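Quick note on numbering: the sequence shown equals residues 1 to 166 in our numbering.
It is worth saying that the hints were derived from the structure and are not from the lab.
It should be emphasised that the depicted structure is a prediction, and the values quoted were computed from it without experimental measurement.
Heads up, some of the hints might be wrong.
Claimed, not checked - Cross-link-like lysine to any residue pairs, in silico, SDA-like; alpha carbons within 20 Å at most: (1) Lys19 <-> Met1; (2) Lys155 <-> Ala138; (3) Lys19 <-> Pro136; (4) Lys19 <-> Glu44; (5) Lys19 <-> Gln70; (6) Lys155 <-> Gly8; (7) Lys19 <-> Asp43; (8) Lys155 <-> Glu44; (9) Lys155 <-> Val129; (10) Lys155 <-> Ala132; (11) Lys19 <-> Glu139; (12) Lys19 <-> Leu115; (13) Lys155 <-> Ala9; (14) Lys19 <-> Leu53; (15) Lys19 <-> Ile83; (16) Lys155 <-> Ala113; (17) Lys155 <-> Val135; (18) Lys19 <-> Ala138; (19) Lys155 <-> Pro136; (20) Lys155 <-> Glu139; (21) Lys19 <-> Ser34; (22) Lys19 <-> Gln114; (23) Lys19 <-> Pro65; (24) Lys19 <-> Glu35; (25) Lys155 <-> Ala142; (26) Lys19 <-> Val59; (27) Lys19 <-> Val122; (28) Lys19 <-> Phe46.
Claimed, not checked - Simulated DEER-style distance windows between Cβ atoms: (29) Asp43 <-> Ala138: 37 to 47 Å; (30) Ala132 <-> Leu106: 19 to 29 Å; (31) Arg99 <-> Gly47: 23 to 33 Å; (32) Asp111 <-> Gly30: 28 to 38 Å; (33) Gln70 <-> Glu139: 35 to 45 Å; (34) Glu98 <-> Leu137: 20 to 30 Å; (35) His24 <-> Val89: 38 to 48 Å; (36) Leu121 <-> Val157: 15 to 25 Å; (37) Gly47 <-> Leu115: 46 to 56 Å; (38) Gln70 <-> Gly100: 15 to 25 Å; (39) Gly49 <-> Ala147: 37 to 47 Å; (40) Asn109 <-> Leu137: 28 to 38 Å.
Where is the CB? At the ideal position from N, CA and C, for every residue including glycine.
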Amino acid sequence: MLINGAGGAVGGYAVQLAKHAGAHVIATAGPRSSERVRTAGADEVFGHGVPELSALVDVVLNLAPVDAMQLAALTSVVRDGGIVVNTTVWMPAPSDEERGVRGVNLFVNSDAAQLARLVTLVDSGALHVDIARRVPLAELPALHAEAAEGTLSGKVVVLPSATSLT
């Protein structure tokens, strides 16, 4: 499977979950996050864009905010009868009826049973949550500024003032 836009937190989880399910994972990510994507378990990592693959994939999962042409181009790496799953809700998932490639739009719905399974995976160590650091609540404005600059990597836990940072 190809995970397009695997460099963010959701992409990292997608890579780990796909590997946990036994998939061969090909990912796209920027230079700043490519090593983190490899560490998450991607078998192959390419830069942004549609990679030149040695074989077609069964599934493309698009997590990246791409334009309509870039999204449509992802169907070119999907085998006949495969699927393109798109999480960018502002445009529909592309399909190729001639080749039997389906496009599916994915929307997030809260599901207690799925969340419980994810917690089990985290607790067992099968799913790693990348917590970059912990900061006191008083540093929240600086943290927001850092997020706006796009320099955060991983998740940050904001702690109430009375909580220790250890």
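To test your reading of the hints: which numbers does this structure violate? The structure breaks hints 3, 5, 8, 11, 16, 18, 23, 34, 35, 37 and 39; every other hint is satisfied.
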